[in-house]
Each structure stands twice: as C-alpha cells, then as structure tokens.
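Student: Chains A, B and C supply the protein sequences, listed in that same order. The first sequence begins at 1 in UniProt numbering and counts up one residue at a time. The second sequence begins at 1 in UniProt numbering and counts up one residue at a time. The third sequence begins at 1 in UniProt numbering and counts up one residue at a time.
Keep in mind the hints are simulated off the structure, nothing from the lab. A virtual CB, placed ideally from N, CA and C, is assigned to each residue, including glycine. One thing to keep in mind: the hints can contain errors.
Reference listing, derived: stretches of chain C covered by chain B, where coverage requires no fewer than 3 residues with Cβ under 8 Å from a Cβ of chain B [stated by the list, open to error]:
1) 104-111
2) 115-124
3) 219-231
One-letter residues, chain by chain:
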Amino acid sequence: MARFWSSGLGGLLARQGILVAFALFMIGFTLANHRFLDPDNIMGVVRSSAILGVMALGVTFVVISGNLDLSVGSMMSFSTIVVLDLHDRIGPALAIPAMFAMTLVLGAIIGFLVGYLKLNSLIVTLGMLSAIHGLTLTYSGGKNMDIADKEGTWFSVFGQGEILGFPVPILIFLALAAFLGIVLARTPFGRKVYAVGGNGVAATFSGIRRARVVFATYLISSACVATAGLLQASRSLGSQNTVGQGMELEVLAAVILGGASLLGGSGTIFKTVIGVLILGFIQNGLLLVGLQFYAQYVVTWIIIILAVWLDIAAKRGRLWSPIA
Amino acid sequence: MDNAKLKNRLKYGAIWGFIAFELIFFTVAGEYLSLSDKVFLDLDNMMLLFKQSAPIGIIALGMTIIMINGNIDLSVGATFALSAIVLLDSMTWPVFAGLGDWVIPVSWLLALLTGVVLGAVNGLIVWKTGVDAFIVTLGSMLGYRGLVFMYHGEQPTSHLNWTLVDFAEASFLGIHTPTWFLLAVAVAMWFLMTRTVHGRNAYAVGDNREAAVNAGIRVGPHILVNFMLIGFLAALSAVVFYSESGSVNPNDGELYELWAITAVVLGGTKLTGGSGSIVSTFGGVIAIQLLRKGLGHIGADTETVNLVIGVILIAVLFLDRQLNIKGREELKT
Amino acid sequence: MSGQQAPVLRLEGIVKTFPGVRALDGVSFSVQPGEVHALMGENGAGKSTLMKVLGGIHQPDEGRILIDEKPVVMASPLDAKAKGIVFIHQELSLARELSVAENVFLGELPRKAFGLVDWKKLNDDCAAILEKLRVRFTPQTRVGDLSIANQQMVEIARALVHEAKAVIFDEPTASLTDAEKVVLFDVIADLKTHGVGIIYISHRMEEIFRITDRISVLRDGTYRGTLVTAETTEEEITQQMIGRKLDLTRNIRPVETGDVALEVRGLACGDLFQDISFKVHKGEVVGFYGLVGAGRTEIAETLFGLRTPTAGSIHLDGNEVTIESPVDAIRLGISLVPENRKEQGLVLSMNCRDNMTLPQVDDLTAGPFVSDGAEVAIFDQYRDRLDIKTPGWRQLAGNLSGGNQQKIVIGKWLSMKPEVLIVDEPTRGIDVGSKSEIHNLIRDLAAHGYAVIVISSEMPEVLHVSDRVIAMYSGRITKEFTAAEITEDKLIQAISGLNGSSGKDAA
Numbered sequence: 001m002a003r004f005w006s007s008g009l010g011g012l013l014a015r016q017g018i019l020v021a022f023a024l025f026m027i028g029f030t031l032a033n034h035r036f037l038d039p040d041n042i043m044g045v046v047r048s049s050a051i052l053g054v055m056a057l058g059v060t061f062v063v064i065s066g067n068l069d070l071s072v073g074s075m076m077s078f079s080t081i082v083v084l085d086l087h088d089r090i091g092p093a094l095a096i097p098a099m100f101a102m103t104l105v106l107g108a109i110i111g112f113l114v115g116y117l118k119l120n121s122l123i124v125t126l127g128m129l130s131a132i133h134g135l136t137l138t139y140s141g142g143k144n145m146d147i148a149d150k151e152g153t154w155f156s157v158f159g160q161g162e163i164l165g166f167p168v169p170i171l172i173f174l175a176l177a178a179f180l181g182i183v184l185a186r187t188p189f190g191r192k193v194y195a196v197g198g199n200g201v202a203a204t205f206s207g208i209r210r211a212r213v214v215f216a217t218y219l220i221s222s223a224c225v226a227t228a229g230l231l232q233a234s235r236s237l238g239s240q241n242t243v244g245q246g247m248e249l250e251v252l253a254a255v256i257l258g259g260a261s262l263l264g265g266s267g268t269i270f271k272t273v274i275g276v277l278i279l280g281f282i283q284n285g286l287l288l289v290g291l292q293f294y295a296q297y298v299v300t301w302i303i304i305i306l307a308v309w310l311d312i313a314a315k316r317g318r319l320w321s322p323i324a
Numbered sequence: 001m002d003n004a005k006l007k008n009r010l011k012y013g014a015i016w017g018f019i020a021f022e023l024i025f026f027t028v029a030g031e032y033l034s035l036s037d038k039v040f041l042d043l044d045n046m047m048l049l050f051k052q053s054a055p056i057g058i059i060a061l062g063m064t065i066i067m068i069n070g071n072i073d074l075s076v077g078a079t080f081a082l083s084a085i086v087l088l089d090s091m092t093w094p095v096f097a098g099l100g101d102w103v104i105p106v107s108w109l110l111a112l113l114t115g116v117v118l119g120a121v122n123g124l125i126v127w128k129t130g131v132d133a134f135i136v137t138l139g140s141m142l143g144y145r146g147l148v149f150m151y152h153g154e155q156p157t158s159h160l161n162w163t164l165v166d167f168a169e170a171s172f173l174g175i176h177t178p179t180w181f182l183l184a185v186a187v188a189m190w191f192l193m194t195r196t197v198h199g200r201n202a203y204a205v206g207d208n209r210e211a212a213v214n215a216g217i218r219v220g221p222h223i224l225v226n227f228m229l230i231g232f233l234a235a236l237s238a239v240v241f242y243s244e245s246g247s248v249n250p251n252d253g254e255l256y257e258l259w260a261i262t263a264v265v266l267g268g269t270k271l272t273g274g275s276g277s278i279v280s281t282f283g284g285v286i287a288i289q290l291l292r293k294g295l296g297h298i299g300a301d302t303e304t305v306n307l308v309i310g311v312i313l314i315a316v317l318f319l320d321r322q323l324n325i326k327g328r329e330e331l332k333t
Numbered sequence: 001m002s003g004q005q006a007p008v009l010r011l012e013g014i015v016k017t018f019p020g021v022r023a024l025d026g027v028s029f030s031v032q033p034g035e036v037h038a039l040m041g042e043n044g045a046g047k048s049t050l051m052k053v054l055g056g057i058h059q060p061d062e063g064r065i066l067i068d069e070k071p072v073v074m075a076s077p078l079d080a081k082a083k084g085i086v087f088i089h090q091e092l093s094l095a096r097e098l099s100v101a102e103n104v105f106l107g108e109l110p111r112k113a114f115g116l117v118d119w120k121k122l123n124d125d126c127a128a129i130l131e132k133l134r135v136r137f138t139p140q141t142r143v144g145d146l147s148i149a150n151q152q153m154v155e156i157a158r159a160l161v162h163e164a165k166a167v168i169f170d171e172p173t174a175s176l177t178d179a180e181k182v183v184l185f186d187v188i189a190d191l192k193t194h195g196v197g198i199i200y201i202s203h204r205m206e207e208i209f210r211i212t213d214r215i216s217v218l219r220d221g222t223y224r225g226t227l228v229t230a231e232t233t234e235e236e237i238t239q240q241m242i243g244r245k246l247d248l249t250r251n252i253r254p255v256e257t258g259d260v261a262l263e264v265r266g267l268a269c270g271d272l273f274q275d276i277s278f279k280v281h282k283g284e285v286v287g288f289y290g291l292v293g294a295g296r297t298e299i300a301e302t303l304f305g306l307r308t309p310t311a312g313s314i315h316l317d318g319n320e321v322t323i324e325s326p327v328d329a330i331r332l333g334i335s336l337v338p339e340n341r342k343e344q345g346l347v348l349s350m351n352c353r354d355n356m357t358l359p360q361v362d363d364l365t366a367g368p369f370v371s372d373g374a375e376v377a378i379f380d381q382y383r384d385r386l387d388i389k390t391p392g393w394r395q396l397a398g399n400l401s402g403g404n405q406q407k408i409v410i411g412k413w414l415s416m417k418p419e420v421l422i423v424d425e426p427t428r429g430i431d432v433g434s435k436s437e438i439h440n441l442i443r444d445l446a447a448h449g450y451a452v453i454v455i456s457s458e459m460p461e462v463l464h465v466s467d468r469v470i471a472m473y474s475g476r477i478t479k480e481f482t483a484a485e486i487t488e489d490k491l492i493q494a495i496s497g498l499n500g501s502s503g504k505d506a507a
C-alpha cells in the first residue's frame, strides 16, 4: 500500500489527482444528464464562477508566497458598496478608479503589516476581515446600496454585457487569468513569489527583498478583489453590504483544490482556474442530476480533503499519517 | 530570567488591563456622549453583558485548548447551527411525542451528541490523514453548513417550548441561565487545563509535537478528544442560546469561528501552539462584549465595533511581536 | 574497570547507508557500567548517525545493538527510552509553558482519580531529582522562565527519572557557564557510581581529559579504535580523528599576495563576536576554524548584510562600505554559500536552474520576461564546470544528492562573479568524492584571483584549502597562522580555550 502511493499510478493520481477527479466528474455528470456539456450550460457555469474566480487569481499569489488572505470577502463587499455609492455621486468614469484606489490602499495596509512588519497573515487578515466589514457598514450606514437610474447607465456593461456573444465577466476573468498567469510563470517577480513561499530564508539569502514581494502579492490580491467588486456591482447594480461575506473561505477552497499548498511555494494560475471551475461545475452538475443546491458544499468538503490528503500521502510515501 | 517572567505576566495580564481601560473609558465618555441617562457600569447592564457573551464565549473557551494544541477549528459556527437544528427539530419528532416536557433533556442530549460527532469527524481526519487542521476544518465548515441548508433549505427551523424558554430566561441568584453555563464551562475548562493530565499534555503537544510523541504521549487520540470537546462545546453553546430563542436560521453561527479565534488571540494564546490560558480567553470574551456594548453606549454606530476589534486584534499581534524582538544582532531573515 | 564486568551497552558492526553515502561502516564499541566513554570524530564522521541508530530514529542495515549482552531492536525513540537509553540533546525538547516537574515527568505524569495530576507526588519526586543536580530552581518553576543552561539541566533531570542503562550526552556544555559545567560533571560522576554507562560526545579536549575513561574515534563512518584516556595524548586522538594523510594534503605554497580585497576592522555584533579584524587578499583562501558557536558563521552573516554590526567597519578594495542587506552585499560583490544548504541555500521545491539563477533573475530578462535561453546557458556553464550530476535542469533541487545540491549553491554564487566569496561549511554532510572536488574548486577559484573565506569545523579541510587560518574561540580571534606555521596542536589549542587563548570563558 505504501509503495502504491509513492510510485506509478498512485503517484500520478496524487500529482494530477485534481485533473483526474475533474475529468471523472465531467464524465459522470455528462452521462447523468446530457445537458451538462451543452455550450450554454458551460458558459453559464463559467459566468457564475467569474467573480469567485477573479478573487481566487489574486489569492493564488498570496498563497504561493506562503501567506493567507481571509479578508478578500469583506474587501469585496467594500469595493462593491463603494463603487455603487460613488456611481451616483461622481459618475461611473470616476467611481471606478476611485474604488480601485481605495481597495488598493486596504491591500497595501495588509501588505505592510504582513510583509514589512512580518505579522502572522492569518491573524492580520482575520482582523482586516472584521475591520473592513465595520468600515463598509459605517460607510453605508448599515443600509443596502442601489444605483438610482439602473436603465440609463453604461456601468452595467462589466457584469451584464456581451462581446461577440461572450459575456463580459467571462472575458475579464479569462483575460486577467492569462495576464496573471504570465506574470507568475514568466516574470522575475513571479519567480520570486515562488522562492519566497518555497523557502523564505533561502530567498533572503539569495538577495530577494522578501517584504517587497509579499507586499506586492497583497496589492495584486486587492486589485483582483476590486475587479470582482466591479463585476458584482455592475451585475446587480445594487447590493447588500455583506455580499462578499464568507467568500474568503470559498476562494481559499478553490485555490487549495487547484493544488496550491498552504505552506507556500506551489500552485499555478492554471490550476486555480481549474479549482474554480470544479467548484462551479460541481454546483451545476449536482443541480442537473437533481440534487439539492446545498449538496455541493458537502461534495466540495469531501473533494478538498481528498485532494489535499492524496497530495500529502504522495509526498510522505504512505497513505495514513504516522502520528500514533 | 525575570524578564521572561515579566513578559509572561504581561502577556496574560494585558487583557485585564484592557478591560479596565474599557470600563473607565466608556463610563467617562458615556457621561458626555451618551444620549441616555443610564450609567454604563450598571449591575443590570453588566449582567446582561455576561449573558450576551455566553454563546461565543463557550465556543472560545473550547477553541483555546484547540489552539494550545497548535490546531484551529473553523467549523464551530456550522457545528453550532447544525446542533441547534437537531435541538429544535427533534422536539417535534413523532417518536418523542409521548414524552411531554421530558423531550427537553432528550433533545439536549441529541444536540450535544451531534456536536461531539461532528467534532470527532474533524479530529479523526486530522489524526488519520495528517492534513492540517486549518484545511480539514475549512472543508468541514463548508460541508457542515451544507448539511444545515440541506435540512430545511433556506427556511428557519423553529420550535418554541415554553418550559424551555422559561428555563433559559430564568435567573438564579441574580445570574441568568446562559451566564451560569458560561461560568460553569469556564471553571470546567480551567480545571481541565490546569489540573488534569490531559490538559497539561495539551501544552506539550502544542509546543513540540515530536518531543511529546517521544515522551510517550499518544498525540493522535489526544487531538481527537480535543476536537470532540470543542464540538461538544459548540453544541452546548447552541443549546444555551436556542433554548431561549426557539428559531434557527440556516445562516446562524456564521463568522462565530472568527469571533471565537479573535477572543482567544486577544487573550494571548499563540497560533503556533504551546501556550495560552483559559482565564485570559475569558477576559478576551468579556473585552469583546464590553466593546460592543460600550460603543453602543457612547452612541457610536454598533457597526464600528467590527472596525475597532479588527484594529485591536492587529495591534495585539504587533505588540506581542515587539515584546519578543531580540535586539539588533538578530538575524535579518 | 574494564574487562571484568559485562558491558552495559555494546555495538557490533553497525552499518548504515543512505542513498549515495555509507554513513556508518562497521562501527563496534562497548560501554562498561560506570564508565564515561567519549565518542569523538569530526563533523560528518558519523557520530550523529550512530546516535540516531542507537536512539531508534534510524534502523541499522547490518550489525547488532546489545544491552547487558542481550541483542535488542530500537524500534522508536520511545522504545529506546523504555530500554534504558536516554539522550541529552543539544536542541531542547521542552514545553515552555509547563513547570519543571511536568517537563521532567512528561508523558508519565502521576495520576489520581479522574485523570487529575497528583501534584504532591509529582513535585516531591521532581524535587528529589533536582536535589541531586543541586539546581537553584524549584519543581514548580515555569520552564519558559529559566535560562537556556537551566533548561538544559531540566533535560538532564529527565534522564534521571528512570533507571537508565546508558545516558548519551551530545555536546552538553555548549551553552553552559563554567559553574554549570562543574555541576554537570558532578552529575556525571554520580551517574558513574550508580553503574550507568555514559557516552559523551564533545569536541572539547579539556573536557574529554577531565571526565572520560575511554575514547572511541570515528572517521568517515568507520571505527578507528578505542583509546584509554589516561594513556593517550591529544596528538594521538587528533591523529586518529584526522588520519595520516594529513601531512600529504597540507596546502603549502608560496604566499603571493595580491591587493587587499576585503578588510574588517574591529567588527562586533552584540554577544556574538567582538573585536574582529582581518584582511583577505585577492587570490587568497583564508580559513576560519573554530568550534560550533565560536562566532564564525555570524561574522559571515554580518559581512553578507544579514546582521547589523554593533561596532567596527568593513572595507572593500580600500573603501569603507555599509552593508545593510544581502542586496547590498551582492551589489558590492560579496557572495555567501551558507552553512545550511537546505534551509538557507536552496528552495527545495524549485528546479535546479531556477535555484542557480535566483540572485540574478532580475537581470536575465528579455523584455519583461525571464529569458529561458540566458538561464539555461548559465546553468549549463556551471553544470559542466562543477560537474553537477542531474538528469536535467527541470529536476527539483530537493531530489538531488547532498553533494550535487551543494554544487548548485556554489554555482549560484560563482555565476554572480563575486569579488569575495564566503563558503560556510562547504562540505558538511556530503560524500568524500564530492568533498575533494569542492576543495579543488575552492583552490582553483583562488588561483583565478577570487578572495575566498572558508569557514569549517573540519581540520583537514581547513588545512587543505587555506593559505592562512584564523582560529576563533568564543566570539574572538585567538590566533592567526600562515599555512607554513600551522600544527594541529597549536590549532586545537587556539580553538578550544586552552592556555594561551583569550576567549571570554578563559578571562
């Protein structure tokens, strides 16, 4: 048994387990309901995953560098509320850059605390989750935010528009994924992110400014969150001030599902996109085969544990933990 | 050496200083800012404060031993909600129809059992697979919440049993029932952590797991027991709260894990494990509730409490780091 | 003492191989009851592997372990403890939040009903043990409040809980003051009178001659013999440890000094090291020799911008420089091959090429992207020059052997073309073949005009590669030798705080 996990089929299953699982799911759902592979259905799934996906792209950078970001959910609420509020006050053309600037400031604060002050990212982003939530509630006076003239604004193009038959949110998600994927895989900065997460001490000993890299990952994360907030606001043109609540953990689940280790140093943008799509397709597939909407959470749970477990089992060469 | 002792005192004592500061600040500020004539440090007000602290407080006390172990449990909010549903729903089950008010202890037991089982599932996975507790409980947080929603969809689960409500709203010696539960759990947990072999081993496991294994402590079962314990306490918290309210929304308990962790960290427990104190966690729970009430008292938006707590949490972390800095000859990595 | 009684612990022909390395090759020796038996050998000679075999962490490939002449298998550390083998490790394994008594009896706290701790029994039992150790803290003291030395006494107290057959002390005096050492030696004497066998691992000759009865020596994983302490000399031990080939491999060549590349004046960093002054010329290898903890690595880290000096100055090519970070150091042409290649040298989850080009990845670009061609070119160049054996650059650094990993790290810093190259323990834990390759490489670098500092705890290494040797003890330079002046005696004296040296313990 032990040997199985360290070599051959077991190793392949463990290394590429997530793709194998994804393929099995797709085949299973397709057999169960032929509508599953319908282009409209697939488009619908990707579209509904776009907001989560955009956030997951940024968190991938943070996780690869060896940190966590639990604040993205409440930060997304903040961005959404701010851009909706400013839309009516200063017009969409100014509201969007203003919202991006404010969200980036929040990201910079986290980046400063985690990168330069070297505080534990779990606690810092937990604190920021709470603080930003409070900020949003204070900003909105506890009320929901709505755009006054929902018909007459071009602002809805980001969430509802289509270009050549493709929904704009999908295009934005894929474009951002391609861009960030290249940044991570091909640039010196991306290389440093892996080095810092893989072995921060060795990175320092190699003359990499660790604090600066960590700072940048949180800036990227907050820029992605701002984009997600824009998509959310534009799609609904009105929002509750808790719209992103709980998303931080779903985002993290998608990133982990894609195979990034919480210890840092591993993961790719492509795998994160797969992770996001798995979550989306499970939700959709379970609905199509007639299961309750909420069964997806239970299935997601099982998949996350299995994915991480197989990964660990392959690394240690045995299935069960050696703890007595 | 004395320096180390001083730091330790400071670490666990700071929370009480902070509570004292809050009391003084809100009393004085209340004189000038409060719209009502009520005094902040009023006995009724303080009693209410304890009562309102109970649900999160009971969970936070359990979270302390988990974090002393060097683990974390993100699923407590979902466990809380699922146990609450079992509590209220089981009272309407036809099987128990003949029991009359005797259904109450039966339902309580079922709810508590639910919590223990959910905790055991987490603990077993952590033990047997070796997957980090953060990921295991992140997963089960989603999974357990899924079960909550699968139970009644988005509909609330309600059942009011007036005997139960009377019990929950009662007070004995001027102290509310939930407060009694909170105090009882605090004393029991304090006793566990300071007087029993299991509690003392928890520190050793969290400080240096390998050394604990080499010393002959059975770390796997130890961790399992602690996850069952926090499952039990999450369920107990639900029992205490929903006996009075009688209605569960499927979203109830969301973010409880974060509040509980915040209280524990405010109390000086380290994420890395090996240190922490029940008494200080109790202080952390009280400090958060004081802040909520105090901000309300001085007329601030109740929403600002999130902002303030977030900032305080980060400030605590920063101060802790400053206290532990070794000096300029430290390796800069 | 020896001969009549049956040994309490006996090792017979222990062999342990790791992929590519024969770490232990037929090691046999025995410990009598009531004997203090020193185990000596250079770093990498196999002492720590042997102790791991004895402690149940590794299983031997061949050979037997006998306790009271009965063969035993040490299945785990817990099992070894149950069989009466107790370790006093250098790294402490205490729970800081618990009391002294709780730590001493960890895993076996006395219970009353309901799983309660029997505090009275616990503290009384512990007090009895502490009394033997004559320490000044009580069983109730929180371990986190104790000094490091006292924490070590707690570790020792732990060893006294059970009737131990054999107690192994691994460099126990590394963090003790002189007064504490005296107490430790008394404890060891006490254990002796109770018939316990003691294995004492240390590099400090002074201690070896003071307390041990016999000395077994390991070299390159092989057993070189056992000497009776009263009948031997430092020279004999050293010769056993280092081997006869010593004189043949000495590096003596005419010193042709180029310009001064690096000069350090009065450098200090807190308690770590003080008053450090030396020069390194172009084309010269300067060896830093001393015990672990003498401050050598810390000097290197300071020169590389990882520590902030509290006094003194650093001059490169005659100009005073300020080095606040590794980025500064690299810009000024200083490279450091660090002591611990897995923790400080490599990102194990990254491939070989990316590891090698990490410090200069910003410069290897085509447009905004990292240039594959430029990276591969550098990798190929240094793979050939250093003869790195890897299936290809995509291989993860974590999958290579120790020697090839070290060559990747060296390649990483050579490719930066530094003015001053510092190598800290360049051959620790790597096989003999790679060792001599790396030694030749270091000589070759000097011949090409590099200024090289080699830090090492292995005497043959220092003697083989250095033009000059600087000896350190306890944070200070005690002596400086040219290659021609060195004898092993003088060198050992200079680093072990014996007469004539001026470390702070001696003062």
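Student: Decide, hint by hint, whether the structure agrees.
Tutor: Structure-based check of each hint:
1. 104-111: Our answer is that it holds, as 5 residues pass the Cβ test (under 8 Å) against chain B, meeting three.
2. 115-124: holds (count 3)
3. 219-231: violated (count 0)
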